[in-house]
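This is what each chain is made of:
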Amino acid sequence: MNNEAHRFAPIQRLLHWLMAACIIAMLFIGVGMVSTVTPEYPSLILIHETLGVTLLLLVAIRLALRLHYGAPRLPADLPHAIRLAARLSHLALYGFMIIMPLLGLGMLWAAAYPVVLLGGIQIPALLPQSDRAHTLLWNSHVYLGFTFFALVLLHVAAALFHALIRRDGVFRSIAPLPLRNTTAPAE
Amino acid sequence: MNNSGNMSRSGLGSLVVIAAVLGGAAAAFAYTAGWLSPGRLTPERMIAALAPPGGAPLGHRRNHAKGICFTGVFEANGNGRALSRAKVFERGNYPALGRFNLGTADPNAVDATVRVRGLGLQITAGGEEWRMAMINPPFFAVSTPQSFHDLLIASGKKDPDAMKTFIQANPEFAAFATWAKTAPWTASYAEEPYHGLNSFIFTDAEGGEHAVRWSLLPAAPVVPISQTELEKRGPDFLEQEIVERVRASGPQRWTMVTTVADPGDPTADPSKAWPEGRRTVQVGTLVVQQIEQERDGPCRDINFDPTVLPRGIRLSDDPFPAARSSVYRKSYDLRAAEASDYPRTGTAKP
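So the protein sequences, as listed, match chains E and G. Residue numbers 8 to 194, in my numbering, belong to the letters of the first sequence in order. Residue numbers 2 to 351, in my numbering, belong to the letters of the second sequence in order.
Worth flagging that the hints you see were computed from the coordinates, not collected in a lab. Just so it is clear, CB atoms sit at the ideal spot from N, CA and C, and this is done for glycine as well. One should not assume that every hint holds.
[Claimed, not checked] Cβ-to-Cβ under 8 Å is the rule here; a few derived chain G residues that face chain E: (1) Gly-12; (2) Thr-145; (3) Asp-302; (4) Ile-303; (5) Ala-323; (6) Ser-327; (7) Asp-334; (8) Ala-337.
Extracted from the complex, chain E is given alone in its bound form:
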């Protein structure tokens, strides 16, 4: 653990922004594809499934990196309530990143749809067809998807709050590039 660092390791920052872009794309593709009957529909499904499985692999790597490198300390003057909210919301974000692809795969398996990703990669079914399981998994995937989007918005709002209003170095710790921000971290 390296709690003295002010920034996440470069590989952690890279993975954060890469996954952020993919997750936002996933959320938009998800709501877009289920509301269209246009010729783009099958491609959107294929991208959604391929990206979903990719994100599941990436979050496993990301968790391993987090355990290895840890995270920079939050500023000492951060109010207790915000500190708690930060901790819980990050736990929830990781939870969504893990559970959403699993629910997605599960609902496809429970509907007896073959899962074939870009490049013809076949994912074998680990669940038998089941009306009840499909309905539960599908509903969970949809409603947790909306919740995930709301949480991503909250996360963005908090990031901007740190970057623009508090200017306390929290955003700088994950920023993709060193910022020209000259404000010292608020230790």
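Start from chain E and add chain G according to the hints.
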């Protein structure tokens, strides 16, 4: 003081920035989801248009709701390899599972009232699935998914001018109307041809691409019957007949024939039949060996989504398979959630 005044002004500006980012993201999300576009043709709107006056058939497919399962084999003769490298065309026998059905949203429809008959099919070869859903008219009623939606709306209206207006806007419907009036009725699912109608692209082992459509042509001799005579035989005659025919006469067969488009043939419009004389290839035989009731049968759990294709077959510029996939998935989601309205034997409705 001056300093803190600046701070609060910049703080206010920052809040505006944050609000704009969140509001913009939420609006973009709502737009993508179609919540801001009530005119968008969504699977929900298509399914709403399919619903009969008495309401949607809970627990059943939203269209082609009346049907019966079959299992059997697809005997590939190897000729299809000239067109597609798909494993399913390699000489051999592959398990097949399917469903005879009527083109109606009413699972209790009287057989003689339904003009269109269909066949859903899944063939599994080399660990890959090929699913399709075919019907007996030799061309589709309309050119686009939007026109199909408009047809459902127009035919559901009491206003007699609604259909007239629709036909004026969609002249291709006239050919289908003629077929519906003049094509012979039969008293058996086994005597019907089933046409895929949509165009797909086959890729052969050398990478050559061929735009094709395919049909299943019955081995059973066709015995025409009048609609009134069929009605006299009872509301569920077709299901009783196919059970009895397979029991008494054994497996029923269809030859699968693929037709290859010439350059310039309309692949994007299933209402336009290709001219006579196109190259055809007989790729195999569907053998239906066993019939099972849908309620507990193996076809109940299968969505015959025409975009489920093995390697060697892909979608063409025909817009229908994508639209059908989207609507079929929605239909599956709904009927799976309503399974208790169509309970399997031994699972009582709660």
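Do the hints match the structure? See the list:
no., hint, in the structure
1, Gly-12, "6 Å, holds"
2, Thr-145, "10 Å, violated"
3, Asp-302, "4 Å, holds"
4, Ile-303, "6 Å, holds"
5, Ala-323, "4 Å, holds"
6, Ser-327, "5 Å, holds"
7, Asp-334, "6 Å, holds"
8, Ala-337, "4 Å, holds"
Of the hints listed earlier, the one the structure fails to meet is number 2.
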